[in-house]
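**Student:** Sequence:
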Amino acid sequence: MDDTSRKSGTPTEQLAADIARMGPQAAAAAIEGLDDAVALEVLQRVNPYVVSDLIPHLPDGRREQLLRAGPAALTAQWALNATFPEDSIGRLMEVPAAVFGPAETVGGASLRVKELVKKVFVTYCFICDESRKLLGLVTMRDLLISSPEATLAEVMLKDPFVLRPEMPLVEAMKRVLNRHFPSYPVVDGEHRLIGLVRGQAMFEEQAYEISAQAGSMVGVQKEERLATPTGTSFRFRHPWLQLNLLTAFIAAAVVGFFQDTIDKIVILALFLPVLAGQSGNTGCQALAVTLRGMTLGELKSGKEKALVLKEALLGSLNGFFVGLVAGGGMYVVAWRQKSESAMALAWIVVAAMVGSCVVSGIAGAMIPLLLRRLGFDPATASSIFLTTATDVVSMGLLLGLATILLR
Numbered sequence: 011m012d013d014t015s016r017k018s019g020t021p022t023e024q025l026a027a028d029i030a031r032m033g034p035q036a037a038a039a040a041i042e043g044l045d046d047a048v049a050l051e052v053l054q055r056v057n058p059y060v061v062s063d064l065i066p067h068l069p070d071g072r073r074e075q076l077l078r079a080g081p082a083a084l085t086a087q088w089a090l091n092a093t094f095p096e097d098s099i100g101r102l103m104e105v106p107a108a109v110f111g112p113a114e115t116v117g118g119a120s121l122r123v124k125e126l127v128k129k130v131f132v133t134y135c136f137i138c139d140e141s142r143k144l145l146g147l148v149t150m151r152d153l154l155i156s157s158p159e160a161t162l163a164e165v166m167l168k169d170p171f172v173l174r175p176e177m178p179l180v181e182a183m184k185r186v187l188n189r190h191f192p193s194y195p196v197v198d199g200e201h202r203l204i205g206l207v208r209g210q211a212m213f214e215e216q217a218y219e220i221s222a223q224a225g226s227m228v229g230v231q232k233e234e235r236l237a238t239p240t241g242t243s244f245r246f247r248h249p250w251l252q253l254n255l256l257t258a259f260i261a262a263a264v265v266g267f268f269q270d271t272i273d274k275i276v277i278l279a280l281f282l283p284v285l286a287g288q289s290g291n292t293g294c295q296a297l298a299v300t301l302r303g304m305t306l307g308e309l310k311s312g313k314e315k316a317l318v319l320k321e322a323l324l325g326s327l328n329g330f331f332v333g334l335v336a337g338g339g340m341y342v343v344a345w346r347q348k349s350e351s352a353m354a355l356a357w358i359v360v361a362a363m364v365g366s367c368v369v370s371g372i373a374g375a376m377i378p379l380l381l382r383r384l385g386f387d388p389a390t391a392s393s394i395f396l397t398t399a400t401d402v403v404s405m406g407l408l409l410g411l412a413t414i415l416l417r
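Anchor point for the sequence shown: position 146 equals 156 in our numbering, and the numbering is continuous, going up by one each time.
Incorrect hints may appear among the rest.
[Claimed, not checked] Below are the EDC-like pairs computed for lysine to aspartate or glutamate, each with C-alpha atoms no more than 16 angstroms apart in a straight line:
(1) Lys-143 / Asp-97
(2) Lys-143 / Glu-159
(3) Lys-128 / Glu-51
(4) Lys-168 / Asp-139
(5) Lys-274 / Asp-198
(6) Lys-184 / Glu-51
By construction, these hints were calculated from the structure, which means they are not laboratory data.
Please put together the full structure from these sequences, using the hints given.
**Tutor:** Next comes the structure, spelled out in structure tokens:
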């Protein structure tokens with residue numbers, strides 16, 4: 011039995027669950043070998059954003075063949091979704107199956123809904139005019155309790171809450187926080203109904219985006235999953251490591267610049283990783299809070315200055331108290347080695363710790379803000395610049411102060 015046959019015999023529910031856990035390229039490869047009917051059934055079982063990400067990775071011929079084989083309304087919706095930016099509401103749209111005219115009766119709509127629910131999950135009836143402009147919606151409760159002779163225009167909820175397809179997911183999540191509906195109609199600029207978005211799909215995608223931030227900060231693409239092929243993972247990760255090596259050389263150059271000082275006071279080398287580690291952690295804390303604020307839409311224009319000042323203050327406080335402990339450690343080590351500069355070395359460590367933590371806190375807040383302003387992804391690019399800044403500043407301060415004060 012070949013691989014295609016084996017896949018075709020796999021229960022579609024399990025295969026859909028597997029594809030939802032894959033990256034777009036791996037998922038496209040899995041779909042490519044399936045029969046049209048099986049592939050379409052699987053794609054209908056996964057969230058729309060998975061389909062939107064997957065379809066562009068199919069070979070042109072296979073993609074067109076699959077779109078021709080499916081129901082016209084469904085494949086047209088998939089094609090429309092793919093035209094909208096990533097992380098936008100348009101990527102999450104489904105076909106609004108229960109669409110009715112305002113003159114239709116409750117009784118007639120009820121009969122149609124009974125047939126529809128055998129094929130799709132229906133939460134609302136959407137009422138549109140001839141040009142598909144959304145006029146209102148009818149809940150299942152109203153459909154059940156209203157008179158069968160009443161028209162849908164008489165029982166519908168007018169001017170319902172809607173989303174726009176180009177709306178970023180973060181902005182949409184802010185708007186639906188106090189509107190916990192099972193689904194939301196999506197309309198274009200002329201208020202025509204072009205799709206619906208399920209609340210569950212929005213929350214799942216938002217959770218995925220937030221979980222991807224941790225990987226992005228260390229060079230792991232959000233598309234990479236456990237099932238991603240080794241070669242693809244290598245292409246994702248290796249450039250990041252080469253760039254990280256380049257920045258490590260910068261920090262090494264700073265240490266090399268003060269080689270004479272280290273040769274005279276070898277004990278300084280023991281505390282270089284201490285300062286780098288503490289200042290790096292301070293910067294990462296500031297970076298995490300800043301990225302979280304960006305993701306949740308809390309960091310609005312005008313709050314940047316307050317954020318930077320707060321992180322600078324936290325850096326000075328944390329740096330001082332941590333520096334006292336580190337300085338005490340330096341004093342003990344230097345005293346045991348009978349160094350005449352034990353007290354001076356201790357205060358140098360305190361001063362360097364305060365300075366490096368202040369700079370790290372400011373950098374952790376400012377770097378993602380600057381990258382966003384320049385059009386780059388803050389979650390992906392911030393970490394490497396932050397690491398370089400904290401290493402260079404912490405090592406440079408410790409060795410520089412020692413060079414100046416212990417001549």
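**Student:** Determine for every hint whether it applies to the structure shown.
**Tutor:** Verification of the supplied hints:
1. Distance hint between Lys-143 and Asp-97 is unfulfilled; the C-alpha atoms sit about 25 angstroms from each other, more than 16 angstroms.
2. For the proposed pair Lys-143 and Glu-159, the alpha carbon gap of about 24 angstroms is over 16 angstroms, so the pair is violated.
3. For the suggested pair Lys-128 and Glu-51, the alpha carbons sit about 15 angstroms apart, so the restraint of at most 16 angstroms is met.
4. For the suggested pair Lys-168 and Asp-139, the alpha carbons sit about 13 angstroms apart, so the restraint of at most 16 angstroms is met.
5. Restraint check for Lys-274 and Asp-198: the C-alpha separation of about 71 angstroms exceeds 16 angstroms, so the hint is violated.
6. Only pairs whose Cα atoms come within 16 angstroms are accepted, and Lys-184 paired with Glu-51 is rejected, the gap being roughly 33 angstroms.
Comparing the model with each earlier hint shows violations of hints 1, 2, 5 and 6; every other hint is respected.
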